[in-house]
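Build out the structure end to end from the sequences listed, making use of the hints.
Letter by letter, the chains look like this.
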Amino acid sequence: MSHRKPAAYPDVSDILARKAEGRREIAGRSFGEKIAMVEKLRERLAPLKRAREQRRESERSRGPSGPRR
Amino acid sequence: MGMKQTLDVLNRMEVEGVIDRYAIGGAVGAYNYIEPAVTEDLDILVSFESSPAAPRTGLITLEPILTYLRQKGYSEFQKEGLIIEGWAVQFLPVANDLDAEALAQAEDVEIRINPKEDPVKTRVLRPEHLVATALRVGRPKDLIRITQFLEGQAVDIRPLCDVIERHHLKDAWRAFCRRAGITDPCELHFKP
Numbered sequence: 069m070s071h072r073k074p075a076a077y078p079d080v081s082d083i084l085a086r087k088a089e090g091r092r093e094i095a096g097r098s099f100g101e102k103i104a105m106v107e108k109l110r111e112r113l114a115p116l117k118r119a120r121e122q123r124r125e126s127e128r129s130r131g132p133s134g135p136r137r
Numbered sequence: 176m177g178m179k180q181t182l183d184v185l186n187r188m189e190v191e192g193v194i195d196r197y198a199i200g201g202a203v204g205a206y207n208y209i210e211p212a213v214t215e216d217l218d219i220l221v222s223f224e225s226s227p228a229a230p231r232t233g234l235i236t237l238e239p240i241l242t243y244l245r246q247k248g249y250s251e252f253q254k255e256g257l258i259i260e261g262w263a264v265q266f267l268p269v270a271n272d273l274d275a276e277a278l279a280q281a282e283d284v285e286i287r288i289n290p291k292e293d294p295v296k297t298r299v300l301r302p303e304h305l306v307a308t309a310l311r312v313g314r315p316k317d318l319i320r321i322t323q324f325l326e327g328q329a330v331d332i333r334p335l336c337d338v339i340e341r342h343h344l345k346d347a348w349r350a351f352c353r354r355a356g357i358t359d360p361c362e363l364h365f366k367p
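Chains A and B, in that order, give the protein sequences. In terms of the working numbering, the first sequence is residues 69 to 137. In terms of the working numbering, the second sequence is residues 176 to 367.
Keep in mind that the hints were calculated from the coordinates and are not lab data. Where is the CB? At the ideal position from N, CA and C, for every residue including glycine. Incorrect hints may appear among the rest.
[Claimed, not checked] Here are the simulated BS3-like pairs of lysine-lysine, each with C-alpha atoms no more than 27 Å apart in a straight line:
| # | chain 1 | residue 1 | chain 2 | residue 2 |
| --- | --- | --- | --- | --- |
| 1 | A | K117 | A | K87 |
| 2 | A | K117 | B | K316 |
| 3 | B | K254 | B | K316 |
| 4 | A | K108 | B | K296 |
| 5 | B | K366 | B | K345 |
| 6 | B | K316 | B | K345 |
| 7 | A | K108 | A | K87 |
| 8 | B | K316 | A | K108 |
| 9 | A | K108 | B | K345 |
| 10 | A | K108 | B | K366 |
[Stated by the list, open to error] Covered stretches of chain A (chain B as the covering partner; in silico rule of three or more C-beta atoms under 8 Å from a C-beta of chain B):
| # | stretch |
| --- | --- |
| 11 | 86 to 94 |
| 12 | 108 to 115 |
| 13 | 124 to 131 |
This is how it looks when you write it as structure tokens:
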């Protein structure tokens, strides 16, 4: 009978704290800064959005019996 | 092309009387108070009360808005939104007392989006009205937004509780608090 050692996971509390601090910092920005930020993000996400729409379109054209990923 | 230009178009519509008054709501309205989330839509709460095209029948039509915008070259739709300068603008006519109060009390703001451009004036719904509207709509993403307002202390509890009570949303609010696992901050404020 073997005894498995308990898994050792790293402490990520400082990472989570930094992420929370980052969210607070972003939340505290001005309305205009946030809009500008989202507009830039939308530009960066546009290729992903186009790819998703193309994938959905090809899934629709294959019909409900087609292979799904 | 961008939000500044979109708001310029909306401001012109107000000046020219195509719409009576407008304010930004939804996810973009929430940017004024909490961490932004990417969205495709710009929700615009709009009234037509003093417009010559105001309906007398109770049926609301967006046709005057759409005709005006078509003449300006804006005719492409993305789902329910009409694309104006890159943003899918969804016009939401005032449809209940909560909307009417939210629009009447919306805050005037001036925002500078791009340092190279002039600032633009607009109006944004107050946080308590954004939260109450999210509660009324009640999709998962709306409930997440309410949580963000509460966690970020971006809404004053007293006015929020007043709005919830005034617009008969107490049951929805209590259900939200149960689902979110939070102590109801309005319990002390609600009238018995």
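Against the structure, the hints:
| no. | hint | in the structure |
| --- | --- | --- |
| 1 | K117(A) with K87(A) | 25 Å, holds |
| 2 | K117(A) with K316(B) | 19 Å, holds |
| 3 | K254(B) with K316(B) | 18 Å, holds |
| 4 | K108(A) with K296(B) | 21 Å, holds |
| 5 | K366(B) with K345(B) | 11 Å, holds |
| 6 | K316(B) with K345(B) | 20 Å, holds |
| 7 | K108(A) with K87(A) | 20 Å, holds |
| 8 | K316(B) with K108(A) | 22 Å, holds |
| 9 | K108(A) with K345(B) | 39 Å, violated |
| 10 | K108(A) with K366(B) | 46 Å, violated |
| 11 | 86 to 94 | holds (count 3) |
| 12 | 108 to 115 | holds (count 3) |
| 13 | 124 to 131 | violated (count 0) |
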